[in-house]
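*Asks:* One-letter residues, chain by chain:
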Amino acid sequence: MLKWISGELNIFNQCKANRISIWQCPPFLFVIMGFINISAVLSSYIAANKFFVDDPMIAALIALLISLITFIIGYAVVKSFDEMAEISQMKSEFVSIASHQLRTPLSAIRWTIDLILSGKLGPQTEEQKNILINLQESNERMINLVNNLLDINRIESGRIILKVEPVSIVEITKKTITELSNFALANNIGLEFENNAEIPFIQGDPERLKIVIQNLIDNAIKFSRSGGQAKIKITKDKKNVMMTVTDQGIGISKTEQSRMFQKFFRAKAALRQQTVGSGLGLYISRAIIESLGGKLGFQSEENKGSIFWFKLPIYPPKFLKS
Amino acid sequence: MVEKKKKILFIEDEATLQKAIGTFLEAEGYEIISVLDGEAGIARANKDMPDLILLDLILPKKDGFEVLAELKTNEATKKIPVIVLTNLEGIGYVDRAIELGATTYLVKANYTLEEVIQKVKEALA
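So the sequence lines, in the order shown, correspond to chains A and B.
Just so we're aligned: the first sequence equals residues 5 to 326 in the working numbering.
Just so we're aligned: the second sequence equals residues 34 to 158 in the working numbering.
By construction, these hints were calculated from the structure, which means they are not laboratory data.
Predicted model only: the values in this text are computed from it and were never measured.
Heads up, the beta-carbon is just placed ideally off N, CA and C, and yes, glycines get one too.
It cannot be assumed that every hint is accurate.
Okay, the calculated bits of chain A under chain B, using three or more residues with CB under 8 Å as the criterion [to be verified]:
#: 1; stretch: 103-110
#: 2; stretch: 120-133
#: 3; stretch: 142-152
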């Protein structure tokens with residue numbers, strides 16, 4: 005608590021972290037304004053009492069002058085907020101334009117490698133094939149990163165959900181498990197899927213939900229130990245459909261658990277296990293689930309494993325079953 | 034009797050993408066006409082009457098929306114199915130393209146080459 009208060013009060017550090025000059029920094033200007041306000045009231049009172057008892061006009065003029073100063077500082081505060089908002093907007097636009105521009109050459113690389121691997125340009129040796137597959141994987145990582153950056157922009161401007169329709173979580177999960185089965189095999193991780201009950205449709209954006217499910221299962225594979233098992237389970241209650249992904253992996257330390265949904269955050273143990281990753285997956289996943297009226301959370305114990313879960317409201321016509 | 038090759042017009046300003054899809058589709062037995070800008074795309078659509086058009090949205094001279102609007106208001110070309118193949122993503126773009134008459138809207142970064150070819154085959158079936 006004390007640490008939080010001292011952090012909040014350390015205006016200079018805040019301004020430094022935001023990389024803006026002290027005279028354009030709203031928290032600093034705000035404190036200055038408060039200080040001037042208080043001193044103005046006090047000094048007007050003292051001056052009026054001591055020196056201008058006979059002439060209240062002068063006291064009123066002093067008060068007016070001080071009001072003018074606070075008005076100018078107030079204007080500077082508002083102006084600096086405007087500038088910060090404008091910079092943030094420009095940054096978002098830059099990320100959006102750069103990401104869109106990056107997607108075209110990345111798609112060109114992906115499709116050219118697809119073309120060569122398809123054999124339509126002639127056969128390749130095993131070694132050439134392996135090199136191309138490695139290239140393809142690196143390219144996919146870049147595409148994912150660019151897509152993540154675009155998703156973050158969408159989250160920040162409240163446009164992450166593109167459509168809401170009845171969606172079968174079971175179908176998306178089955179498809180995702182099939183797509184990730186080779187990755188699980190390569191990491192020597194078993195994938196177990198369980199959905200005993202009849203699972204109703206939920207309301208969501210199928211493409212965005214796939215990102216969430218993919219992220220959770222992908223993490224369970226990446227952060228498990230070789231030979232481990234990741235368990236995916238879908239259940240329901242009266243109002244919600246719930247999905248849990250349980251792994252027996254490295255887990256998350258108590259000190260780092262509160263930061264798991266921060267943008268770009270990667271836990272130390274995760275960095276040791278997997279150097280590849282942007283620290284954006286969980287941030288984006290939680291934003292998607294919350295935008296759809298659901299909740300996403302986790303329980304974890306270091307060196308024992310984690311359980312990540314989300315729940316989403318059932319689509320209103322309850323007779324729809326998947 | 035030899036079956037006539039199906040003709041696909043590909044309007045795309047990125048030569049590498051044209052080459053990748055074009056080569057794959059030619060190997061699958063399709064005839065590909067590739068153009069690099071919107072104006073040339075409209076001209077070739079009228080001249081060659083393709084069975085399908087693959088259309089990028091960010092194009093020189095005339096953008097994809099203008100091309101789509103012209104193709105769909107022209108009696109001669111309005112029945113040709115158009116697959117929009119772009120990296121512009123957003124509900125506004127999708128709605129606009131579909132309203133103008135596009136058959137399908139594909140975001141390049143979300144599809145592998147095989148998946149795109151599959152969509153082409155479905156549209157031509």
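*Asks:* Can you list which hints this structure breaks, lowest number first?
*Replies:* Structure breaks no hint.
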